[in-house]
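Asks: Spelled out, the chains give:
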Amino acid sequence: MKNNECILVVEDDSSIRNFICTVLSANDYNVLTADSAAQALSAITSNCPDLVLLDLGLPDSDGNKLIKTVREWSLLPIIVVSARDRERDKVQALDAGADDYITKPFGTSELLARIRTAMRHRNNREDEFSIQKGKFVAGDFCLDFDKHRVFLGEKDIHLTQNEYKIVALLCRYSGKVLTYDYIIKNIWGPYAKCDNQILRVNMANIRRKIEKNPAEPKYIYTEVGVGYRMTERD
Amino acid sequence: MKNKLKTYLKNSGFTLTVLFMALYCCYIIRNIDDGSNFAFHIFLVAVVIVSRFTKGYIYGFAASLLSTIGFHVMVNYPNYVFRFPDEFLSASFAAFIIVSVVICEQNTRIDEYKTKNGELVSAIEKYKTKLNLLRGASHDLRTPLTGIMGAADTLIERGDDIDDKARMRLLSDTKNDAQWLLCLTGNILSAAKVEDGTPISKRPEAVEEVAAESVERLKKHYKEQNITVTVPDELLMVPMDFVLIEQVLINLLENACIHSGQADEINLKISSENGEAVFMLTDNGCGIDDEVIDKLFEEPVFSQRSENEKEKKRNMGIGLYVCRTIIEAHGGTISAYNNEQGGATFRFTLPLMEGENEIEK
Numbered sequence: 055m056k057n058n059e060c061i062l063v064v065e066d067d068s069s070i071r072n073f074i075c076t077v078l079s080a081n082d083y084n085v086l087t088a089d090s091a092a093q094a095l096s097a098i099t100s101n102c103p104d105l106v107l108l109d110l111g112l113p114d115s116d117g118n119k120l121i122k123t124v125r126e127w128s129l130l131p132i133i134v135v136s137a138r139d140r141e142r143d144k145v146q147a148l149d150a151g152a153d154d155y156i157t158k159p160f161g162t163s164e165l166l167a168r169i170r171t172a173m174r175h176r177n178n179r180e181d182e183f184s185i186q187k188g189k190f191v192a193g194d195f196c197l198d199f200d201k202h203r204v205f206l207g208e209k210d211i212h213l214t215q216n217e218y219k220i221v222a223l224l225c226r227y228s229g230k231v232l233t234y235d236y237i238i239k240n241i242w243g244p245y246a247k248c249d250n251q252i253l254r255v256n257m258a259n260i261r262r263k264i265e266k267n268p269a270e271p272k273y274i275y276t277e278v279g280v281g282y283r284m285t286e287r288d
Numbered sequence: 067m068k069n070k071l072k073t074y075l076k077n078s079g080f081t082l083t084v085l086f087m088a089l090y091c092c093y094i095i096r097n098i099d100d101g102s103n104f105a106f107h108i109f110l111v112a113v114v115i116v117s118r119f120t121k122g123y124i125y126g127f128a129a130s131l132l133s134t135i136g137f138h139v140m141v142n143y144p145n146y147v148f149r150f151p152d153e154f155l156s157a158s159f160a161a162f163i164i165v166s167v168v169i170c171e172q173n174t175r176i177d178e179y180k181t182k183n184g185e186l187v188s189a190i191e192k193y194k195t196k197l198n199l200l201r202g203a204s205h206d207l208r209t210p211l212t213g214i215m216g217a218a219d220t221l222i223e224r225g226d227d228i229d230d231k232a233r234m235r236l237l238s239d240t241k242n243d244a245q246w247l248l249c250l251t252g253n254i255l256s257a258a259k260v261e262d263g264t265p266i267s268k269r270p271e272a273v274e275e276v277a278a279e280s281v282e283r284l285k286k287h288y289k290e291q292n293i294t295v296t297v298p299d300e301l302l303m304v305p306m307d308f309v310l311i312e313q314v315l316i317n318l319l320e321n322a323c324i325h326s327g328q329a330d331e332i333n334l335k336i337s338s339e340n341g342e343a344v345f346m347l348t349d350n351g352c353g354i355d356d357e358v359i360d361k362l363f364e365e366p367v368f369s370q371r372s373e374n375e376k377e378k379k380r381n382m383g384i385g386l387y388v389c390r391t392i393i394e395a396h397g398g399t400i401s402a403y404n405n406e407q408g409g410a411t412f413r414f415t416l417p418l419m420e421g422e423n424e425i426e427k
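Residue numbers (the working numbering), protein chains in the order written: chain A, 55 to 288; chain B, 67 to 427.
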């Protein structure tokens with residue numbers, strides 16, 4: 055498989071950078087590197103990479119600032135790499151416009167999966183602004199965007215209107231983590247109070263309808279402290 | 067109130083006893099000390115004793131007053147004539163008072179030092195625990211690091227001479243060592259977060275989400291392990307720092323995976339009882355040795371990882387100690403016991419109610 059896509063790796067630690075570069079090269083991506091925000095910005099403007107892997111803890115500037123700067127003129131997919139127990143950083147990065155995040159330490163398969171998801175979303179970006187059509191299928195789960203119906207195998211699942219909206223939103227961006235804030239603003243409008251309690255309650259109800267065991271979800275995963283992620287479509 | 071009265075009575079009794087003894091001494095030595103020359107010294111000693119061994123200024127003052135009278139009585143014995151004001155009387159009274167005040171002041175100072183000393187001692191104790199944690203952690207860090215460095219060295223220097231199978235073994239050992247280091251650093255970070263004294267920040271979290279994420283993270287490394295999670299039908303929200311509670315769940319789950327000796331069933335059951343969320347982790351493994359069961363959570367247990375099965379079971383690292391620290395910081399309790407039908411159960415609780423200000427608005 056030839057990817058030929060160009061990925062910019064922004065990471066100040068040389069051994070992590072080495073390992074990421076090796077993995078990406080082995081998977082036929084073209085790799086550019088930068089070890090500071092300034093270098094990253096110049097690489098993004100001059101080389102137009104297809105995706106950026108961005109470490110949040112850079113020596114010269116905050117990664118979030120870089121995301122905001124880039125987002126002013128580009129929809130270039132950005133995957134944030136962050137340390138564990140820095141949930142707030144992740145949420146900030148996602149709200150600033152990052153597409154996804156991956157937590158250190160991560161495995162290579164996880165990294166590659168995230169990159170593929172982000173690439174796919176970039177390719178579908180134009181569709182996302184139009185009304186979603188067709189079906190979302192993952193395992194037994196099926197959401198029919200045209201009929202506004204959700205099926206589990208043959209079974210028709212009855213969701214309330216808000217529950218359907220949440221599930222449809224997650225399906226549309228399947229594989230990608232959506233922050234609580236983003237979901238709430240999408241479902242309850244831009245002026246909704248950022249109270250994720252009501253979202254949790256809705257999610258608990260959805261899980262009890264579509265998951266066999268709400269504590270072992272197969273479709274909608276929790277990114278605790280950040281948001282929710284729908285499993286990839288088949 | 068009762069205690070106050072008790073100290074009052076005790077101090078008064080002490081004062082009167084000492085003064086009476088002083089009086090008695092004066093009376094006895096009258097035989098050899100005709101002009102009562104020693105009476106002043108005896109009463110002065112009495113005032114010193116009372117001031118030193120009672121609390122506050124009042125008893126010293128009372129003792130001075132009574133000593134002055136007693137001294138006066140003794141000097142003029144058997145002619146009890148009181149003349150006020152009397153220079154001699156006033157001078158002795160002043161001497162008694164000065165001595166008593168100086169000593170009482172020293173007393174308060176000594177008390178202050180004592181409390182300060184107590185604080186210092188407990189601070190040193192805490193520091194010692196921390197040092198122990200640090201020392202143990204560094205020790206435990208070094209072992210896997212040695213393995214990793216050795217494997218890397220071997221691969222760099224003699225990589226060509228090694229066959230594929232041996233190379234893969236070195237690499238997978240490296241990965242296991244790194245995995246172990248990751249787990250250890252997670253625990254050290256959690257311990258540092260809880261023990262630095264700042265209150266943990268709690269937010270209401272859905273227990274099913276925290277349980278799901280913990281199990282999912284664990285399954286990355288223990289793919290074959292069978293873990294069943296049961297949560298209440300109603301959504302249960304519990305105020306917690308989810309990163310820390312996740313650490314507890316992962317520690318306990320990992321414990322069950324490693325130390326239970328091939329438990330094929332691990333059950334995590336979460337329920338709500340009497341205003342508490344109860345987490346029960348049950349396995350059907352080999353259970354916990356009786357000799358260690360009481361001390362499981364007491365202090366960080368450090369020992370080198372060992373191939374010896376019996377030793378391995380004992381080495382639970384700092385994991386359980388960290389669990390206890392985290393749960394107690396949440397206002398909950400943690401315990402462990404062996405099941406009648408075999409295997410062990412770890413149980414911890416978290417309070418459901420929390421002060422208003424701590425809950426996210």
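FYI, nobody ran anything at the bench for these hints, they're computed from the structure.
Positions of the beta carbon are idealized from the N, C-alpha and C atoms, including for glycine.
Check before you lean on any hint, since a few could be wrong.
[Stated by the list, open to error] To be clear about the criterion: a stretch of chain A counts as covered by chain B if any three or more of its residues have a C-beta under 8 Å from a C-beta of chain B, and this derived list gives those stretches:
| no. | region |
| --- | --- |
| 1 | 64-70 |
| 2 | 221-232 |
| 3 | 274-287 |
[Stated by the list, open to error] Partial list, computed: chain B residues near chain A (C-beta under 7 Å):
| no. | residue |
| --- | --- |
| 4 | Gly225 |
| 5 | Asp227 |
| 6 | Glu274 |
| 7 | Ala277 |
| 8 | Val295 |
| 9 | Val297 |
| 10 | Pro298 |
| 11 | Leu301 |
| 12 | Phe308 |
| 13 | Asp360 |
Asks: Would you mind marking each hint as holding or not holding in the structure?
Replies: Now for the hints, and whether the structure bears them out:
| no. | hint | in the structure |
| --- | --- | --- |
| 1 | 64-70 | violated (count 0) |
| 2 | 221-232 | violated (count 0) |
| 3 | 274-287 | holds (count 5) |
| 4 | Gly225 | violated, 16 Å |
| 5 | Asp227 | violated, 23 Å |
| 6 | Glu274 | holds, 5 Å |
| 7 | Ala277 | holds, 5 Å |
| 8 | Val295 | holds, 4 Å |
| 9 | Val297 | holds, 5 Å |
| 10 | Pro298 | violated, 10 Å |
| 11 | Leu301 | holds, 4 Å |
| 12 | Phe308 | holds, 5 Å |
| 13 | Asp360 | violated, 31 Å |
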